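Colleague: Turn these sequences into a full structure, and let the hints steer you where they fit.
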Amino acid sequence: MSCDHLDLALASGLDLLGPDEAREFALHLPGCPACRAEVETSRLLLDALAFSAAAPAPRPALRRAILRRAQASRWRLPGPVAAVLLVALFCAALWLGATRFPVLPAVTRTASGYIIASLDPTARSPHAKGEVMLLPEAGHILVMADGLAPLRAGRVYEAWLLTRGGAHALGPLHLDGWGYAWLHARVPPGAFRGLLVSVEPARPGPGPSGSTVLATSGDAK
Amino acid sequence: MQEADLPRRLARGDARALAELYDRFAPGVFSLALRRLEDAGAAEEVVQDVFFKIWHGRALFDATRGDLPAWIFAIARNTVYDQLRRRLRQSRLSEAQAAMLDLFATSGFEALEHLMAQEHIAELLAALTPEQRDLVRLVCVDGRTVAEAASLLSTPLGTAKSRLRAALARLRQTLATEVRAQ
Ligand SMILES: [Zn+2]
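One line per chain: the protein sequences are A and B, in this order.
Letter by letter, the first sequence follows residues 1318 to 1538 in our numbering.
Letter by letter, the second sequence follows residues 101 to 282 in our numbering.
Check the hints yourself; a few may be wrong.
To be verified - Residues on chain A that point at chain B, a partial pick, calculated with CB under 7 Å:
| id | residue |
| --- | --- |
| 1 | Leu1344 |
| 2 | Phe1368 |
| 3 | Pro1375 |
| 4 | Leu1513 |
No lab work stands behind these hints: they were computed from the structure.
All values reported here derive from a predicted model rather than from experimental measurement.
Ideal placement from N, C-alpha and C gives every residue a C-beta, glycine not left out.
Modeller: Okay, structure coming up:
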């Protein structure tokens, strides 16, 4: 697969095209798989260059905050869950660079079968965000969230597994005092259709009753 | 730094190992995030998220005995593009960012995985002329605009642009040769 516009694909990644070239390339790109692949490659190349060890360091206060935060939360994930998480992260990143994807999907199924779904905030918690990682066959699910506001006593952030049959309580998220929250749970193989997190009393009812703060948005089948 | 020992110390929960990792990789993560997100605050947030994932997911890395820079690069990219996707949903993307997300790949990139190692990038850069290398460093690593880099190097803007294009083409060609050789 080749095309004589490939050098434009590369230069477009850094805005190096003149106005005429840019217009020509914009018209050409949608219909040319070779150039689209080349743009993807050049994005990877530019990302790898930016990731270089020679890059300038962020401000020192960030380093202090991150290291303090790590020391403040010395809990460890159970071994198998950590395995799921890391393999999933790794596969997701490789997959994003490796496979056809329409825009960037809210739900990613990696080549090795892990599912990663983003959790999106609601009006109730605009600063929250999170990720669900699932190993469907083994039935491990890991929920990680950030930016959740502290709750008053007697309230928890409850995670709900959405299945064909409805919502099932998975348990409360553990908050680490810095706003990071996580939960590891088991789910029946094949049951996952989505997940939401809502504010609930410490002993939640049969379904979500309080405000939803995070939810998967894509179709996770 | 005892590189080989680092994953093991990290897996044990040694905070100094995390500090070492931070010193080595935070600049790259920050620079990658800044390039794509064009916002220092958002880039710092990515750095926090990436090191959170490294810290809390460290046990497996030790078990896989993988390539540490490649692993961190993968987490960083995933976090950055997730952030972009989130902005897309909130319609907060600049035109250039939207154009970037509006593409999809059609061929495999497995052969380019070795790109992820920082050492390898250094080797790639060595294939450039000194003038090309200075430009690539200023624009692609330090995140300067081409105009800023041209002025810093006292080079006319047009010359800087064509030199940078030639440099990118050279890097790409070196990569392609290596992929074919694999
Ligand atoms: Zn083309």
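Colleague: Provide an ascending list of the numbers of those earlier hints which the structure does not satisfy.
Modeller: Violated hints (numbers, rising): 1, 4; every other hint is consistent with the structure.
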